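Novice: We have chain A already, so just place chain B on it with the hints.
Here the protein sequences come in this chain order: A and B.
FYI, full-length UniProt numbering numbers position 77 of the first sequence as 77, with every residue one higher than the one before it.
FYI, full-length UniProt numbering numbers position 307 of the second sequence as 307, with every residue one higher than the one before it.
Rather than coming from a laboratory, the hints here were simulated on the basis of the structure.
Some hints could be false.
Which copy? The list can't say, so a pair holds if one copy fits it or any two copies do.
[What the hints assert, rightly or not] Dumping the calculated DSS-like pairs for lysine-lysine here, alpha-carbon to alpha-carbon at most 27 Å:
| no. | residue 1 | residue 2 |
| --- | --- | --- |
| 1 | K74 | K299 |
| 2 | K104 | K53 |
| 3 | K299 | K104 |
| 4 | K299 | K103 |
| 5 | K74 | K26 |
| 6 | K414 | K53 |
| 7 | K414 | K104 |
| 8 | K53 | K299 |
| 9 | K103 | K414 |
| 10 | K26 | K414 |
| 11 | K26 | K53 |
The structure displayed is predicted, hence computed values, not measured ones.
Number of protein chains: 2
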Amino acid sequence: MSSDDLLTTLSRTPIAKQFGLPTVPKLRRHSPGDPLLAGPVLVTSVGDGRFAKPITAFVEEQGQNAVTEPGEEKLHGVVVDLSGATTLADLAAAQQILSPAVKKLGPSGRLLLLGAEPSGASGAEAAAVAQSLEGLIRSIGKELRFGATANLLVVDGDAAPSAVDSSVRFFLSARSAYVDGQVVHVGVPVGPTLDPAEVDDPRGEERPLAGRVAVVTGAARGIGAAIADTLARDGASVVAVDVPAAGEGLARTANRIGGTALQLDITADDAPQRLLDHLAERHGGVDLVVHNAGITRDKLLANMTEDRWNSVLAVNLGAQLTINEALLAPGSPLRDAGRIVCVSSQSGIAGNRGQTNYASSKAGVIGMVRAMAPRFAERGATINAVAPGFIETEMTGRMPIGTREAGRRVNSLKQGGLPVDVAETIGWLGRAESGGLNGQVVRVCGQSMLGA
Amino acid sequence: MSSDDLLTTLSRTPIAKQFGLPTVPKLRRHSPGDPLLAGPVLVTSVGDGRFAKPITAFVEEQGQNAVTEPGEEKLHGVVVDLSGATTLADLAAAQQILSPAVKKLGPSGRLLLLGAEPSGASGAEAAAVAQSLEGLIRSIGKELRFGATANLLVVDGDAAPSAVDSSVRFFLSARSAYVDGQVVHVGVPVGPTLDPAEVDDPRGEERPLAGRVAVVTGAARGIGAAIADTLARDGASVVAVDVPAAGEGLARTANRIGGTALQLDITADDAPQRLLDHLAERHGGVDLVVHNAGITRDKLLANMTEDRWNSVLAVNLGAQLTINEALLAPGSPLRDAGRIVCVSSQSGIAGNRGQTNYASSKAGVIGMVRAMAPRFAERGATINAVAPGFIETEMTGRMPIGTREAGRRVNSLKQGGLPVDVAETIGWLGRAESGGLNGQVVRVCGQSMLGA
Chain A
1 MSSDDLLTTL
11 SRTPIAKQFG
21 LPTVPKLRRH
31 SPGDPLLAGP
41 VLVTSVGDGR
51 FAKPITAFVE
61 EQGQNAVTEP
71 GEEKLHGVVV
81 DLSGATTLAD
91 LAAAQQILSP
101 AVKKLGPSGR
111 LLLLGAEPSG
121 ASGAEAAAVA
131 QSLEGLIRSI
141 GKELRFGATA
151 NLLVVDGDAA
161 PSAVDSSVRF
171 FLSARSAYVD
181 GQVVHVGVPV
191 GPTLDPAEVD
201 DPRGEERPLA
211 GRVAVVTGAA
221 RGIGAAIADT
231 LARDGASVVA
241 VDVPAAGEGL
251 ARTANRIGGT
261 ALQLDITADD
271 APQRLLDHLA
281 ERHGGVDLVV
291 HNAGITRDKL
301 LANMTEDRWN
311 SVLAVNLGAQ
321 LTINEALLAP
331 GSPLRDAGRI
341 VCVSSQSGIA
351 GNRGQTNYAS
361 SKAGVIGMVR
371 AMAPRFAERG
381 ATINAVAPGF
391 IETEMTGRMP
401 IGTREAGRRV
411 NSLKQGGLPV
421 DVAETIGWLG
431 RAESGGLNGQ
441 VVRVCGQSML
451 GA
Chain B
1 MSSDDLLTTL
11 SRTPIAKQFG
21 LPTVPKLRRH
31 SPGDPLLAGP
41 VLVTSVGDGR
51 FAKPITAFVE
61 EQGQNAVTEP
71 GEEKLHGVVV
81 DLSGATTLAD
91 LAAAQQILSP
101 AVKKLGPSGR
111 LLLLGAEPSG
121 ASGAEAAAVA
131 QSLEGLIRSI
141 GKELRFGATA
151 NLLVVDGDAA
161 PSAVDSSVRF
171 FLSARSAYVD
181 GQVVHVGVPV
191 GPTLDPAEVD
201 DPRGEERPLA
211 GRVAVVTGAA
221 RGIGAAIADT
231 LARDGASVVA
241 VDVPAAGEGL
251 ARTANRIGGT
261 ALQLDITADD
271 APQRLLDHLA
281 ERHGGVDLVV
291 HNAGITRDKL
301 LANMTEDRWN
311 SVLAVNLGAQ
321 LTINEALLAP
331 GSPLRDAGRI
341 VCVSSQSGIA
351 GNRGQTNYAS
361 SKAGVIGMVR
371 AMAPRFAERG
381 ATINAVAPGF
391 IETEMTGRMP
401 IGTREAGRRV
411 NSLKQGGLPV
421 DVAETIGWLG
431 RAESGGLNGQ
441 VVRVCGQSML
451 GA
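Okay, chain A solo, but in the shape it has when bound:
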């Protein structure tokens, strides 16, 4: 490890407070009415890629030029289909494409690679090449500047090109502003197949959740409120849920978005039934369930109390488990193309000092998501998780300034994310067209340097 990046970050952080902060790139974020693409996109492939052609067509439908080599103009994005790359020679060819291309990537530019599943590769060299793309994309993410991101879609060999549509749109768009350095696996879509006519409708792209009923727990404030706002902006009818004690904030959220409010302690024994009854009776069913409610009760393990442990596990994991089991039960109001999105955390991946309870609960969410993915698939539904890194909220606002400033800076985008960044990611996973994403954990962390 010889990371100049690390040095830069570490040496700047505490001193920055005294000598002025280095420039933080302004991230382009989605605003209704904005075009999806802000400039030309380089689209090409190495080997027998099947994605370059449909992605080229998509770029042109969006009114932008799809080019195969960098020119004078700054690029909005660079998409290289490496799903057919199987040899070290193919990988070398990718480098020859990428080196000149990254020089032309504009601010908040998007680098997106598509690769094959290493586990499905025929032969060790092909598996090595497929896996090497993780090291490549994560290094590129650490090199790009001015808010540009780098991500990798690993696509199952049996998945049709359309399986990646919603993911390509997300990663090329401003909606993915704070998702960087991530590897997302796309499989054969579960449930009803995508209707291309609907997706190609620009209004559909602006309001991709139109007609869908979404429930969001912990919606009174913070990230939960932003999720409710964003899903409503994208067309969903939102049921905002929070504990009775947060009733005022909950009402504010519901009124702001024209949704409904449901006061509910999700850890109560009858909570799953009350929630599902509400969804069935008042909304005729549910399409998207966002398990956002969560609490922290930090303490070193040596001083951890049973109460602090149990309350965190009950809210952050236990409630998700019981509600999901209810959603899987026969006669549940979960509709076709149902989507469950669970909020995990970077702490559940990397661990965190003082958070044995919180990290255990959030790692547990990941285990639950993976275990339940095949069961939801049987019902034509999916379950995924988002794992936020440092997000600017009231909670992080109360941190000591040093901790907060450090937390903000130790990522490739050199800043904390916003609640809307988590919400946009949930919106993508919540789309009916995202049936190829199941059992995934997507970090929303600006490529935090912290990990496992």
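Specialist: Frame of chain A, contents of chain B only:
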């Protein structure tokens, strides 16, 4: 994320140079003749654990007390078998055991959890609980002080208790000094079964590689030389390999350990055949192959040349691929209980700025290891990888002081590792008794904060 640890590390690092460094814990390392255990070990279980009993017996065989509750005396280790933990209540019981136990853990103490495979769990709650242990152990690793470590063995439900023996020995011993915050999966052992009589022989524990032929590439200096030294110390006959230009260092290594030297450019077309012929003719076969040779040619991707890319990929990945294919071919000199250990890198997991070529090669090694694991298993052999973090070598010694100091500090042990730490880990994976470890990637990084 609200990491005091992060703050501490970040705020101390650059200032430490000016105001004196915080105390760095001295890690206990293995020295021939030392007892394996330095004090009593707490061994207990939650649920239907099958490991507590044999581990208790092992502790007592080593001449130490196995206790089930912390007493007055400092503990050498804490081992909690959670392989039978399936409910949130079980997890809460684990917290009740661990909170008082960690207070009594001595310097360079060892916390080791055993858990079930989340993918094999019956039901989502059990899967969540199994996965939660990752968040738990990684948080504990970040809380422990004075060189204590925390690791998790995830054991296949079909594996006999003896499958974990070599791993329990490694993680409880001083050999694992710099392996921290890791999750290692143990399966049903491949190949010849373990002979308990041999393992219980104290001389066997001192010279666990006696009678085995090991080849180490890149053995002229640095980590490779330490690997050769350590494997020889543990009883192996070592074939030290390096390029002809490094002949002098190579001869020094071979003479120091009473091994043989083989000058070989591992990227040459005839290298696999020459190597295998040498092993067959001069040594009658090979038991352990350590792919350590590697190079760096750092440059930002925008300025990367074809030559820098190709040379790094050829040495770090291409040569491993061709030699491994030769080892898998019919008639290869690889013997029963053969062990292949490949050196990957933290950069292959987390990516690194300026290292798109190196990180791609080291991620590729991980893909290769996973793809080849079932093929080596068919031959009664295993293939695994170690992924070093910041290791003190000539190479890191040439880093600018700021980068070096930062690299050393951003891990739970607050220091860089030593080449011997990588070597000890390879020795563990190289033991005949380690047949339950296959396709694994073990980081040797002191629980580096950097990850994916």
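Novice: Please name the hints from earlier in the document that this structure breaks, with their numbers sorted from lowest to highest.
Specialist: 6, 8 and 11
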